[in-house]
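Chains as they are written, first to last, in the numbering used here: chain H, 4 to 97; chain U, 6 to 495.
Bear in mind the hints are in silico, worked out from the structure with no lab data behind them.
Computed from a prediction, not measured in an experiment: that's the story for all the values here.
One should not assume that every hint holds.
What the hints assert, rightly or not - With a straight-line Cα cutoff of 27 Å, these simulated DSSO-like cross-link-like pairs (lysine-lysine) come out:
(1) U:Lys351 with H:Lys62
(2) H:Lys62 with U:Lys465
(3) H:Lys9 with U:Lys397
(4) H:Lys62 with U:Lys392
Spelled out, the chains give:
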Amino acid sequence: MALSEKDVQYVAKLARLEVTDQEVAKYTQQLANILEYVEQLSKLDTANVEPLTHPLDVKNVFRADELRPCLTQAEVLSNAPEPQSGHFKVPKIM
Amino acid sequence: MKNELLSKTIHEVSADLKAKKVSSAELTKAAMDYLEEVEPKVQSFITVTRDEALKQAAEADKLLAAGKDVTPLTGVPIAIKDLLCTKGIRTTCASRMLETFKPPYNATVVEKLYAAGAVSVGKTNMDEFAMGSSTESSFYKKTKNPWNLNCVPGGSSGGSAACVSADQAFASLGSDTGGSIRQPAAFCGIVGLKPTYGRVSRYGLIAFASSLDQVGPFGKDVEDCAIMMGAIAGHDPMDSTSAEVPVPDYAAEAKKGVKGLKVGVPKEFFPDGMNREVSVAVKDAIAKLQSLGAEIIEVSLPSSPYGLAAYYVLAPSEASSNLARYDGVRYGLRVPGENIVEMYSKTRAAGFGSEVKRRIMLGTYALSSGYYDAYYLKALKVRRLIKQEYDKAFEKVDVIATPTTPNPAFRFGEKTGDPLSMYLEDVFTVSINITGLPGLSVPCGMSKSGLPIGLQLIGKAFDEATLLRTAYSYEQSTEWHKQKPGLKED
Chain H
4 MALSEKDVQY
14 VAKLARLEVT
24 DQEVAKYTQQ
34 LANILEYVEQ
44 LSKLDTANVE
54 PLTHPLDVKN
64 VFRADELRPC
74 LTQAEVLSNA
84 PEPQSGHFKV
94 PKIM
Chain U
6 MKNELLSKTI
16 HEVSADLKAK
26 KVSSAELTKA
36 AMDYLEEVEP
46 KVQSFITVTR
56 DEALKQAAEA
66 DKLLAAGKDV
76 TPLTGVPIAI
86 KDLLCTKGIR
96 TTCASRMLET
106 FKPPYNATVV
116 EKLYAAGAVS
126 VGKTNMDEFA
136 MGSSTESSFY
146 KKTKNPWNLN
156 CVPGGSSGGS
166 AACVSADQAF
176 ASLGSDTGGS
186 IRQPAAFCGI
196 VGLKPTYGRV
206 SRYGLIAFAS
216 SLDQVGPFGK
226 DVEDCAIMMG
236 AIAGHDPMDS
246 TSAEVPVPDY
256 AAEAKKGVKG
266 LKVGVPKEFF
276 PDGMNREVSV
286 AVKDAIAKLQ
296 SLGAEIIEVS
306 LPSSPYGLAA
316 YYVLAPSEAS
326 SNLARYDGVR
336 YGLRVPGENI
346 VEMYSKTRAA
356 GFGSEVKRRI
366 MLGTYALSSG
376 YYDAYYLKAL
386 KVRRLIKQEY
396 DKAFEKVDVI
406 ATPTTPNPAF
416 RFGEKTGDPL
426 SMYLEDVFTV
436 SINITGLPGL
446 SVPCGMSKSG
456 LPIGLQLIGK
466 AFDEATLLRT
476 AYSYEQSTEW
486 HKQKPGLKED
């Protein structure tokens with residue numbers, strides 16, 4: 004599976020990363036090298052192996068739906084780049 | 006000038022504090038002065054918190070005077086990796102993205118250290134978002150290896166390792182996703198412990214790869230590491246993946262000796278052509294364990310060499326999802342754009358460095374339609390294969406001994422041009438993260454060029470006590486942990 008510059012441009016778009024043509028050329032080369040290394044996984048027979056998503060046998064954790072103290076609005080907005088009237092302001096979406 | 010107390014361990018200086026030979030205020034002031042004196046050489050810290058430290062020291066002195074709620078950490082200066090949230094104190098993850106981020110809350114591990122009376126001297130440098138093996142990907146500075154300032158300290162917790170090695174702090178917290186505690190501990194000649202996944206709360210740890218990340222301690226010796234581990238371990242209702250498993254008295258467990266302990270040695274961790282100084286030092290350490298009464302048993306982990314390839318699919322995949330949150334909306338950097346997608350794309354282009362972008366793209370690719378089965382799903386299956394082999398090996402042995410790294414510390418710039426060559430440095434550490442098992446690195450030798458070598462010990466899930474016990478017995482029969490770095494160039 005050779006990686007093309009078009010693939011890298013597509014992935015950068017999916018990941019919301021603006022990239023220059025120079026970066027695309029560099030990442031295509033580097034990611035292709037890494038993927039070539041990763042190809043060795045195909046040597047292992049995993050036909051009868053279940054995927055393991057998590058090292059622990061985790062189960063969902065529930066708690067009672069009760070009010071508890073939480074961060075104030077001012078605290079939540081304290082790091083916002085552009086807070087306005089208690090909201091996060093963003094550029095136009097539509 | 007260096008106060009001689011700063012060369013001591015926590016267990017030694019804690020006795021001095023309790024005996025009122027020194028106050029925490031005096032100790033902290035001496036530590037901060039020395040920290041700042043050598044910081045231009047070592048560059049371990051992104052943020053130094055002198056005022057907060059002196060306030061904490063004054064509080065600790067009240068506890069020490071009253072003899073109330075005194076722990077082995079009360080009044081002791083420690084450092085915190087800059088990806089653990091500290092309330093009101095800048096937490097950058099070594100990224101431009103979070104240059105001004107001041108968390109509104111503390112990570113649970115930070116709360117726990119504060120509750121134990123520890124004094125935090127500052128936030129340590131690291132690879133950006135913990136992605137790297139040399140701390141060179143930090144947006145802010147390059148931390149130097151105290152044993153040779155021309156070499157890297159390892160990474161990603163390079164600042165946390167270097168500051169303890171250089172006596173800028175008595176101990177520190179790091180995080181380990183693929184070796185980021187054990188590798189810098191080995192490179193800097195100190196002890197570092199990656200706990201079992203779920204042993205320590207991840208609440209307030211800025212996420213890299215959530216199924217792999219664990220917070221853990223660095224110490225000057227095994228006992229200090231055990232003291233730190235005792236302070237941070239345990240279930241946390243704020244982290245749904247933290248485990249409800251009782252926490253033993255690690256410092257006491259460490260001293261139980263290795264007689265009759267079964268130590269497994271996997272041949273896959275001593276490949277043909279490996280660095281001879283490393284293999285000789287590690288084999289000598291294993292022979293030492295045998296002479297102390299441990300039984301050495303050969304084990305086989307045939308799939309473990311594939312752990313690195315699986316890791317470099319799984320970790321970037323999780324990272325690409327976790328780092329989607331940096332969008333310029335709620336916190337962190339924002340670069341304006343005509344519309345929201347342009348704002349996202351420009352913000353992320355400016356806020357992330359090249360290693361972070363590389364991993365986000367790699368992970369996005371591995372998870373994208375058409376490639377998911379070939380990469381992500383395949384890596385998850387290999388993950389189970391590797392875990393099954395470790396489970397099988399641990400039916401026969403109590404602990405597994407390997408080298409921590411294939412080589413001692415490398416030089417600045419040596420591996421930054423070729424990302425894959427940097428990734429290969431993690432070959433002995435990553436399989437422990439993908440299986441969730443605990444791992445520890447303890448100094449076991451010195452290269453001819455004067456760089457430390459680490460012995461990695463791998464344990465059963467939630468059996469950090471046996472790791473500490475094995476490491477303590479070994480350490481106490483050697484002198485490696487007593488050596489101090491010269492803070493010099495070559």
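Restraint status (C-alpha distance of Lys351 of chain U to Lys62 of chain H at most 27 Å): violated, 38 Å
Hinted pair Lys62 of chain H and Lys465 of chain U, Cα distance within 27 Å: holds, 21 Å
Quickly compare the C-alpha distance for Lys62 of chain H and Lys392 of chain U to 27 Å and report which way the hint goes. holds, 19 Å
Given the hint that Lys9 of chain H pairs with Lys397 of chain U, test it: the Cα-Cα distance must not exceed 27 Å. violated, 44 Å
Against the hints set out earlier in the document, violations occur for numbers 1 and 3.
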